[in-house]
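**Student:** The listed protein sequences correspond, in order, to chains X, H and B. Numbering follows the working numbering, with no gaps: position 172 of the first sequence is 172. Numbering follows the working numbering, with no gaps: position 13 of the second sequence is 13. Numbering follows the working numbering, with no gaps: position 225 of the third sequence is 225.
Source of the hints: derived by calculation from the structure; they are not laboratory data. Among the hints, a few may not be true.
Below, a list of computed lysine-lysine pairs in the PhoX-like style, where the Cα atoms sit at most 25 Å apart [claimed, not checked]: (1) B:K65 / X:K218; (2) H:K103 / X:K54; (3) H:K233 / H:K103; (4) H:K345 / B:K131; (5) B:K130 / B:K212; (6) X:K54 / H:K355; (7) H:K223 / H:K376; (8) X:K218 / X:K73; (9) B:K40 / X:K150; (10) H:K61 / B:K67; (11) B:K130 / X:K296; (12) H:K61 / B:K252; (13) X:K296 / B:K131; (14) H:K345 / X:K54; (15) B:K61 / H:K345; (16) H:K61 / B:K65; (17) H:K328 / H:K355; (18) H:K61 / H:K345; (19) B:K40 / B:K57; (20) H:K328 / H:K103; (21) B:K252 / H:K83.
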Amino acid sequence: MRKSSSGLSRALVRRETIAGYLFLLPSLFFFITFVIYPMFMCIYTSLFDSNMGKNAVDVFIGLNNYKELFQDKIFLGALRNTLVIVVVAVPTVCAFSLWVASAITDMHPALTSMFRVIFYLPVVTGSVAVTVVWKWMYNNYYGIFNYLLKGAGLIEKNINWLGDAKYALWCIIIILFTTSVGQPIVLYVSALGNVDQTLVEAAEVDGATRTQVFWKIKWAQIMPTTLYILVITTINSFQCFALIQLLTSGGPNHSTDTVMYYIYYTAFKLYRYGYGNAMGVVLMIIIAILSAIQFKLGQSSD
Amino acid sequence: MKKLFALMLALIMVFALAAPTAFADDTVEITLWTYPIGGWGNSDTVDELVAAFEATNPGIKVTVEYLAYADGDDKVNTAIEGKAAPDLIMEGPERLVANWGAKGYMVDIADLWDDADKEEILPVVAAACFNAEGQSYEYPLCMTAHCMAVNLNRFQAVGADQYLDLDSHTWTTDDFVAAVGLLAAENPNVAAVFCGGQGGDQGTRALINNLYSGTFTDAEHTKYTANSEENIKALELLVGLEGVNFDPAIVGGDEIQLFRQGILDMAFCWNIGMQLNSDNNDAGLTNDGDEIVCMAFPSDDGVPELCGGIWGFGIFDNGSEAKIDAAKTFIKYMADSAATADAVKASTYFAVRDKSDDVDLSNIYEGNDIMSEYSKLMPFLGDYYQVVPGWAEARTAWWNMLQQIGGGADVTETANAFCEYANAAAGA
Amino acid sequence: MRNQKSMAYRVFALVLVILLAILFTFPLYWIITGSFKTAKQINSTTPVWWPTEWTMKNYQKLMDKFKAPLWEIAVPFGQYFSEDGTARVISAGPTVPAAVRWLLNTVWMAVASMLLTCLTSALAGYALAKKRFVGRTLVFTLIVCAMALPKQVILIPLIREMSALKLYNTMSAVVYPIVGWPFGVFLIKQFAESIPGEILEAARIDGASELKTFNTIVFPMIKPGVGALAIFTFISSWNDYFMQLIMLSSTKNLTISLGIANMQAENTTDFGLIMAGAAFAAVPIIIVFVIFQKYFTKGITMGAVKG
Numbered sequence: 001m002r003k004s005s006s007g008l009s010r011a012l013v014r015r016e017t018i019a020g021y022l023f024l025l026p027s028l029f030f031f032i033t034f035v036i037y038p039m040f041m042c043i044y045t046s047l048f049d050s051n052m053g054k055n056a057v058d059v060f061i062g063l064n065n066y067k068e069l070f071q072d073k074i075f076l077g078a079l080r081n082t083l084v085i086v087v088v089a090v091p092t093v094c095a096f097s098l099w100v101a102s103a104i105t106d107m108h109p110a111l112t113s114m115f116r117v118i119f120y121l122p123v124v125t126g127s128v129a130v131t132v133v134w135k136w137m138y139n140n141y142y143g144i145f146n147y148l149l150k151g152a153g154l155i156e157k158n159i160n161w162l163g164d165a166k167y168a169l170w171c172i173i174i175i176l177f178t179t180s181v182g183q184p185i186v187l188y189v190s191a192l193g194n195v196d197q198t199l200v201e202a203a204e205v206d207g208a209t210r211t212q213v214f215w216k217i218k219w220a221q222i223m224p225t226t227l228y229i230l231v232i233t234t235i236n237s238f239q240c241f242a243l244i245q246l247l248t249s250g251g252p253n254h255s256t257d258t259v260m261y262y263i264y265y266t267a268f269k270l271y272r273y274g275y276g277n278a279m280g281v282v283l284m285i286i287i288a289i290l291s292a293i294q295f296k297l298g299q300s301s302d
Numbered sequence: 001m002k003k004l005f006a007l008m009l010a011l012i013m014v015f016a017l018a019a020p021t022a023f024a025d026d027t028v029e030i031t032l033w034t035y036p037i038g039g040w041g042n043s044d045t046v047d048e049l050v051a052a053f054e055a056t057n058p059g060i061k062v063t064v065e066y067l068a069y070a071d072g073d074d075k076v077n078t079a080i081e082g083k084a085a086p087d088l089i090m091e092g093p094e095r096l097v098a099n100w101g102a103k104g105y106m107v108d109i110a111d112l113w114d115d116a117d118k119e120e121i122l123p124v125v126a127a128a129c130f131n132a133e134g135q136s137y138e139y140p141l142c143m144t145a146h147c148m149a150v151n152l153n154r155f156q157a158v159g160a161d162q163y164l165d166l167d168s169h170t171w172t173t174d175d176f177v178a179a180v181g182l183l184a185a186e187n188p189n190v191a192a193v194f195c196g197g198q199g200g201d202q203g204t205r206a207l208i209n210n211l212y213s214g215t216f217t218d219a220e221h222t223k224y225t226a227n228s229e230e231n232i233k234a235l236e237l238l239v240g241l242e243g244v245n246f247d248p249a250i251v252g253g254d255e256i257q258l259f260r261q262g263i264l265d266m267a268f269c270w271n272i273g274m275q276l277n278s279d280n281n282d283a284g285l286t287n288d289g290d291e292i293v294c295m296a297f298p299s300d301d302g303v304p305e306l307c308g309g310i311w312g313f314g315i316f317d318n319g320s321e322a323k324i325d326a327a328k329t330f331i332k333y334m335a336d337s338a339a340t341a342d343a344v345k346a347s348t349y350f351a352v353r354d355k356s357d358d359v360d361l362s363n364i365y366e367g368n369d370i371m372s373e374y375s376k377l378m379p380f381l382g383d384y385y386q387v388v389p390g391w392a393e394a395r396t397a398w399w400n401m402l403q404q405i406g407g408g409a410d411v412t413e414t415a416n417a418f419c420e421y422a423n424a425a426a427g428a
Numbered sequence: 001m002r003n004q005k006s007m008a009y010r011v012f013a014l015v016l017v018i019l020l021a022i023l024f025t026f027p028l029y030w031i032i033t034g035s036f037k038t039a040k041q042i043n044s045t046t047p048v049w050w051p052t053e054w055t056m057k058n059y060q061k062l063m064d065k066f067k068a069p070l071w072e073i074a075v076p077f078g079q080y081f082s083e084d085g086t087a088r089v090i091s092a093g094p095t096v097p098a099a100v101r102w103l104l105n106t107v108w109m110a111v112a113s114m115l116l117t118c119l120t121s122a123l124a125g126y127a128l129a130k131k132r133f134v135g136r137t138l139v140f141t142l143i144v145c146a147m148a149l150p151k152q153v154i155l156i157p158l159i160r161e162m163s164a165l166k167l168y169n170t171m172s173a174v175v176y177p178i179v180g181w182p183f184g185v186f187l188i189k190q191f192a193e194s195i196p197g198e199i200l201e202a203a204r205i206d207g208a209s210e211l212k213t214f215n216t217i218v219f220p221m222i223k224p225g226v227g228a229l230a231i232f233t234f235i236s237s238w239n240d241y242f243m244q245l246i247m248l249s250s251t252k253n254l255t256i257s258l259g260i261a262n263m264q265a266e267n268t269t270d271f272g273l274i275m276a277g278a279a280f281a282a283v284p285i286i287i288v289f290v291i292f293q294k295y296f297t298k299g300i301t302m303g304a305v306k307g
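Just chain X, same shape as in the assembly (with noise of 0.2 Å):
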């Protein structure tokens, strides 16, 4: 901090502190009440035996509960589930909206924005209502997929998709998918749309292929884009808590719970409050730490 402002005179660095903290001050109000200082008692409290009760006493337990933590194999789960859903959701959502832009911004223009909504159109519908009718979908006894697997031939006997383990993550995820990929469509359309013509028109002179120009030139133009459709994919897919509720509650058998559903159930089903802020604080560090490597990483391709 010195050094970069060495050159400025200690009243000049007062007046910018001051001025600082007064454009800082309206977020920093809502920031500092309703996220850094609930995140301190979350802390706190994890270092408790802190239960439901009115007259319940929280007691003391140091790191108590970070050690049941790591031998609790549905919080272990719950972590593996949260980091697949994660992993899989971020770059199929870029790569997909990617391809579904590169394809239809090439289109009437008519077309483009008639697809550009379709795209967008769960997102807009809201996600309670979407997963309303995906939950009839997957049904396991009158269920549209059953229904047309069945009737194709695919399979014999109905699959109860929600209600196997094997595959009410992904179908999870499905829908997490088609929920989130209308925002990044939008904006790739766009930052297509904004590539420099002159310098494809250059490659498409000089022999260059559609694969070739795509990656050689557009793909640098658009790499902002992509970084804050990756930044929001993220924020998103952790925030995947509603789709678990409404759908499988955890379930069968913990192989859909997320760290975040997780915690809810500890707290409002199990009445464990100090062990489920514990979970918060261990699921804080690691955000902290991937959102440090995303920072990083975009920082330095810049």
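Given chain X, put chains H and B in place with the hints provided.
**Tutor:** Just chains H and B now, with coordinates in the frame of chain X:
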């Protein structure tokens, strides 16, 4: 910038406007949250009852909110943490006494029980409303026995109706197995052991307990016995029974729907409320018009022990004496006055007392054939064990256990793990 | 040869995109047609692709089943001064179907989150990018680390805090944590980095006040970023079911998503009613989206291209 600043100020101001609301000074406003207990889950029915109450008690205003079984507990728990619990709540002792009462959130209403009440109310019901220390967290209104239901037309079509005793509504485990065998030849989904959540779980518990006359807890309600030999035998029977599938994608409500749609031939989550339901077809008929018959759960000795449902009111301690008094007035009006007959009838269940305020409640459903037929099941009402400590935790563990067993886990090991966990929660 | 290949690819791409488009449109199609189906068709065990018999009964039920006052205006900050912690209502609107109120609540919640987030983030993002002050790195590190954090992590402390502030079961309890989420600050900061320092320096030498500089120079330059943030916040708070689920409890305070989720949780699920509710919620916002599509997509894009 001034504009922006003003905008922000205005926003904050308006936000404060969206705060919770209250009424004029001398009126006491209380809130009642009710689970869907028969007609008590239906706003038209409840509005009428509440309007009648407010007419006789002009100083009290009651706002009603409707909970669902799927997420109602979560909602109440969040509200408790948010210090916004309702004043009145309507549900059974398993929640009011064993959970929120035991956790210290409820008002002791033992003073509501006068000597007449102790005489009029069934002793087994009264016992469930008190804890071991003699505090009462529930004043009961109505009760029923949970049973199962069969699609009679389907049974007749495969000749399985020979196993049903349509007069006493009972059958044995052998009858049940034989009937499932015949039905499964025609329909791969005879019945579902639903375990997607806790909704309707009394059905799966009663089924498993009855098959070989096991019990869910010991007689003193101190520890869980779901891993007893009888229960494990029952679980193993169900796992191996072709046509009965463990389904972790549905809960009791979904099962009822599938049964009404004619997909399942039997439903384990049933009681008189469902038998009387006429949303999609006349009462007692499936959507396609097949006849629905209530049956007791099958048991090896032919003598079922049905799981009871008791419903009544409890009061959350929100720190206001005025509200607590108003809530008590409400309870007395609904559950111990001349108006009780209507309040019970609204629930479509049976009264927990023979009379209230000198009104005879023993045959309020006189002339209703479905009700009188159903009342044949009431003598089979078994032990009300849901007041065992650690109930809420054990309940959650129960459906998780069924999911594991349905997924192929070893029955004995899983049941042992369930009991170990549940007993730890019970402090036993 | 190359043209042929490219042609084949285009046809293939078109077919695939159309198939996917069908899958993406299906939920909405099913909601809208489902809302007009009779109970018999809804409960049919084989899919009824198109309602053979149309009915308005589901909408009637939606309108009749739950009621709420259209609006309620209470004494500002009244909850902090009254005995039982609730503010006195000065004005209550006419009783309307609760679904209408839910929609209003949702719009209110999303718009308020959007405006507050944009305002606070614009100011803070600019300061972080262009002001050199003590503690800047610390603040920025905190922001980057907290950016992607799911709100479930602080579930319990947040509920307790809201109830201590007497905000539980109000829209503020949903909106404030959304505003506090620092992604917006991060986004605007990335934008504001590109503002040339010389312009700001010149403004300062001219004696322009900090606020004037922000208003006339900075804000116009970060406007695309603010547009992107506005859309992101609006959509994500519209869909942010979790905060609503834990913070709102009375029927009149619900959002439309919660209202639908409640219907779904009932013991005998009435799919017709749910579909009517979902259609009621989705159609207005889709119409708005289609009309403002151009403006809307432009808003998102420019942000990202520069960001």
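**Student:** Would you pick out the hints that fail for this structure and give their numbers low to high?
**Tutor:** Hints 1, 3, 4, 6, 7, 8 and 14 not satisfied by this model.
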